[in-house]
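Trainee: Chains G and C are the protein sequences, given in the same order.
Take the first sequence: its letters are residues 1 to 440, numbered as in my numbering.
Take the second sequence: its letters are residues 1001 to 1084, numbered as in my numbering.
No lab work stands behind these hints: they were computed from the structure.
One thing to keep in mind: the hints can contain errors.
Unchecked claim - If we take Cβ atoms under 8 Å as the criterion, some of the chain G residues that face chain C in the derived model are:
no., residue
1, 116
2, 118
3, 189
4, 190
5, 211
6, 215
7, 244
8, 374
9, 377
10, 422
11, 425
For each residue, glycine too, the CB sits at the ideal point set by N, CA and C.
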Amino acid sequence: MASLAQRLAPRSEGADIAIGPKNRVAQAPVTIGGTAGSDIIALCISDPISFVKTLIHLDGSVAQLVLLSHALPSETVSVLLEDAGCTQLVTDRTDLVTPLEQCTPEAAIAATVPADGATKWTLTTSGTTGLPKLIPHTLNSLTRTVARGNPSTPPRWGLLYDPTRFAGLQVVLQALIGGGVLLTPDTHAPLADQIAMLKAQGCTHLSATPTLWRRLLMAPGFSDLSLKQITLGGEIVDQQVLDTLAAAHPCARITHIYASTEAGVGFAVTDGQAGFPTHFLQESANIGMKIVDEVLWLRPPLGAQRSLDGTEVETDSEGFIRSGDRIQLKDGRAHFLGRDNGTINVGGVKIHPEMVEQTIMAIAGVKLAKISAKKNPISGALVVAEVMADDDIDTKALKFAIQAHCKATLEREAVPAIIRFVDTLTLNAAGKLIRTDDAK
Amino acid sequence: MDTLDTKIRAVFADVWQGQNETDAPALADSDILLETGLDSLGFAIFVSQLEEELGYDPFTLSNDAYYPQTYGEFVAFYAKHKPS
């Protein structure tokens, strides 16, 4: 199996592969030498260019790479290092305490012998609460959709995400393997400054969630970029964001990507319309698709594969995998409505309603709580709580207590944006809350 | 007094304080919304709270391919799409 270094698109000697905010340049790899092939190496690197260089040099030379976000708290990093069975930590952070041997990215690169072994890659989920889950990947599974571009006009990809996360890593790999240049603005800087850096470096390709695209559309200077490719993914895409992007960048190709973590596959839509055309359901050249009881089922091209997030998947006798994504068919178009398990996607962060309900019901004075989604033009959806309170309780004080407790125990996206007090909540025959939402 | 502007400022101050736990800054019409200190989530909450307060969401009502950049544009957007 070819390593990342071997799969890098050909480019001239010493050519740039990545450019940082201060014009620091990572050059195409040079020969280096010496790490054993059975190591499980964790990377927790805050500088994206160091991260990319380290990935290129270590892939193929070590048994496994565990990619940890530099933004994770040090205690979380410690737990994940143990859970993943890591043998060594490569980091540019100084606050991580671990019994493992630690070294800097530069030292790791200097100590690595290039090889073409099969390195496993492990990513983490961006989970709503608690410890992120470890998700196994390979370079091949991560690069299924990566395409080689036209070498005469190499794409210049802007990286607006943490490169250790799935969405950010896709941009990194697309830029590296697709023969492009990766531009890495300082993502802690104001968005207008990031846009100015991308413009100065000639950014032509950007990928983001609809929530981030809306934010870009509200930022000064965005329409001054000369974008040729606009890619949206990670959330349901609405018509307004597509239309506004098309108006701001009339020459750009606009692609929205649907990816099913359950089926481990996805597809792209490029006609500028939200949802996807229903003729996708009849064409089976690539992946099979069908809708059963308003839920999309997918059949991967090579038969059933494992779930991307390690959970059990429901498969039928024809090899279709239940995606869990609810679909509405209208006027020759299939539109995504949300998840059938009630999971709420707030700006790309998945929230499990039950967890928020349990958090609220642990507060004195709350009888019952129900969480639902409220459609939102900026973040796709927000979390709404309906609360049945004890009789004669001061609801203003209780609302404050709910907000304070949720803020202290949940991720920001999971904290209810709206809290309503209700007299009753409907239970079904099994005594469970009946969920409805308006995030349609 | 522009009551729409006043209501929007009041909701902004409330959401800003909820997100940042300090007093909200004064807003000038030319201020860039993204530089007021609210991130995407804060801004999403701001728009939802405005819908609760004003009873409409111009982003949903509008067919314009447009997102306001400054506070002044934001208030004008709400005024333009206020249901009659």
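Trainee: Does each hint hold? Answer for all of them.
Mentor: Cross-check of the supplied hints:
1. 116: At about 42 Å, which exceeds the 8 Å cut-off, the nearest Cβ of chain C leaves the hint on residue 116 of chain G violated.
2. 118: violated, 39 Å
3. 189: violated, 12 Å
4. 190: Holds - the Cβ of residue 190 of chain G comes within 8 Å of chain C, reaching about 6 Å at its closest.
5. 211: holds, 5 Å
6. 215: With Cβ-Cβ at 5 Å, under 8 Å, it holds.
7. 244: holds, 4 Å
8. 374: Since the shortest Cβ distance to chain C is 6 Å, the answer is holds.
9. 377: Holds - the Cβ of residue 377 of chain G comes within 8 Å of chain C, reaching about 3 Å at its closest.
10. 422: It is violated, given that the least Cβ distance between residue 422 of chain G and chain C is near 15 Å, above 8 Å.
11. 425: violated, 20 Å
Checked against the numbered hints above, the structure violates hints 1, 2, 3, 10, 11; every other hint is satisfied.
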